[in-house]
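Heads up: the protein sequence lines correspond to chains A and B, in order.
Positions 195 to 306 (our numbering) are the ones given, in order, by the first sequence.
Positions 195 to 306 (our numbering) are the ones given, in order, by the second sequence.
Honestly, the hints are just simulated from the structure, not real lab data.
All of these numbers come straight from a predicted model, not from anything done at the bench.
A portion of the hints provided could be inaccurate.
Since the list gives no way to pick out one identical chain from another, each pair is judged satisfied if it fits inside one copy or across any two copies.
[What the hints assert, rightly or not] Simulated crosslink set (SDA-like; lysine to any residue; CA at most 25 angstroms straight-line):
(1) K262 - L234
(2) K227 - K255
(3) K214 - K300
(4) K227 - N280
(5) K214 - R236
(6) K214 - Y264
(7) K262 - L288
(8) K300 - E287
(9) K299 - N243
(10) K262 - D201
Number of protein chains: 2
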Amino acid sequence: MKNDIKDCPASYAISILDGKWKIPIIWFVAREKVIRFNDLRRKIDGISNIMLSKSLQELEKDHIVMRKQYNEIPPRVEYSLTETGNELYPVLELLGAWGKQAINKKIHTEIS
Amino acid sequence: MKNDIKDCPASYAISILDGKWKIPIIWFVAREKVIRFNDLRRKIDGISNIMLSKSLQELEKDHIVMRKQYNEIPPRVEYSLTETGNELYPVLELLGAWGKQAINKKIHTEIS
Numbered sequence: 195m196k197n198d199i200k201d202c203p204a205s206y207a208i209s210i211l212d213g214k215w216k217i218p219i220i221w222f223v224a225r226e227k228v229i230r231f232n233d234l235r236r237k238i239d240g241i242s243n244i245m246l247s248k249s250l251q252e253l254e255k256d257h258i259v260m261r262k263q264y265n266e267i268p269p270r271v272e273y274s275l276t277e278t279g280n281e282l283y284p285v286l287e288l289l290g291a292w293g294k295q296a297i298n299k300k301i302h303t304e305i306s
Numbered sequence: 195m196k197n198d199i200k201d202c203p204a205s206y207a208i209s210i211l212d213g214k215w216k217i218p219i220i221w222f223v224a225r226e227k228v229i230r231f232n233d234l235r236r237k238i239d240g241i242s243n244i245m246l247s248k249s250l251q252e253l254e255k256d257h258i259v260m261r262k263q264y265n266e267i268p269p270r271v272e273y274s275l276t277e278t279g280n281e282l283y284p285v286l287e288l289l290g291a292w293g294k295q296a297i298n299k300k301i302h303t304e305i306s
């Protein structure tokens, strides 16, 4: 099996979702349906403007999040999940459920 | 939402699965049920002994893969998925299916 990351779609998915902020961003955008930059920044403890902006740009480039700008004064910008992003969300819930179990098992094994 | 990666189990799961080799290793170990180091190395094109050994150690530390050594001459070592690893596999299949679609949409959008 030639090993370019795009030959392994699961590896590709993980590579574009990795990092401390991508999943929390997707989680809040999914929950709020439509959300503005500053509201998103307030909800994610510890994220800087630069990291939120960079992560949103990457998620947009990877077609998971879409950005809509309203030409008003002041300009209004809203973020929501794309169809691809909405299709990802239930898989992330399953991955989260697995992750919770994996964390508990690891803690349990390291205590005993 | 305080943002330690273990507070976000999906982020935790992605962080321990990231990298070019973890998913292919899990995929082959799952498919073969029980597999030896050299057989695994031959199946994954381009992986070095060092990277396979390092990745297997990390997957073992994270309780996804288990290592069994038989005290024979020469010593025999076999790898298989743990219960946690087996529970992960169907989620990776869903993530892979999503990843395939995301790659196709991205290629399609970038061509048009």
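Structure-based check of all given hints:
When the C-alpha separation of K262 and L234 is checked against a cutoff of 25 angstroms, the pair qualifies only within one copy, where the shortest distance is 15 angstroms, while the shortest distance between copies is 47 angstroms. In the homo-oligomer, the alpha carbons of K227 and K255 lie at most 25 angstroms apart inside one protomer (19 angstroms), although the nearest pairing across protomers, at 38 angstroms, exceeds that limit. With identical chains, the CA atoms of K214 and K300 are at most 25 angstroms apart both within one copy (20 angstroms) and between copies (23 angstroms). For the homomeric pair K227 and N280, the shortest alpha-carbon distance inside one copy (10 angstroms) is at most 25 angstroms, but the shortest distance between copies (33 angstroms) is not.
For the homomeric pair K214 and R236, the shortest alpha-carbon distance inside one copy (16 angstroms) is at most 25 angstroms, but the shortest distance between copies (34 angstroms) is not. Proximity of K214 to Y264 under the C-alpha cut-off of 25 angstroms is found in neither arrangement, the shortest distances being 29 angstroms within a copy and 40 angstroms between copies. Neither within a single protomer nor between protomers do K262 and L288 lie at most 25 angstroms apart by alpha-carbon distance, with minima of 29 angstroms and 29 angstroms respectively. For a Cα distance limit of 25 angstroms, the shortest separation of K300 from E287 qualifies both inside one copy, at 20 angstroms, and across copies, at 23 angstroms.
In this homomeric assembly, K299 and N243 never come within 25 angstroms of each other (Cα to Cα): the closest approach is 35 angstroms inside a single copy and 29 angstroms across copies. In this assembly of identical chains, K262 and D201 lie within 25 angstroms of each other by CA distance neither inside one copy nor across copies; the values are 32 angstroms within and 30 angstroms between.
In terms of the numbered hints stated before, the structure departs from hints 6, 7, 9 and 10, listed from lowest to highest.
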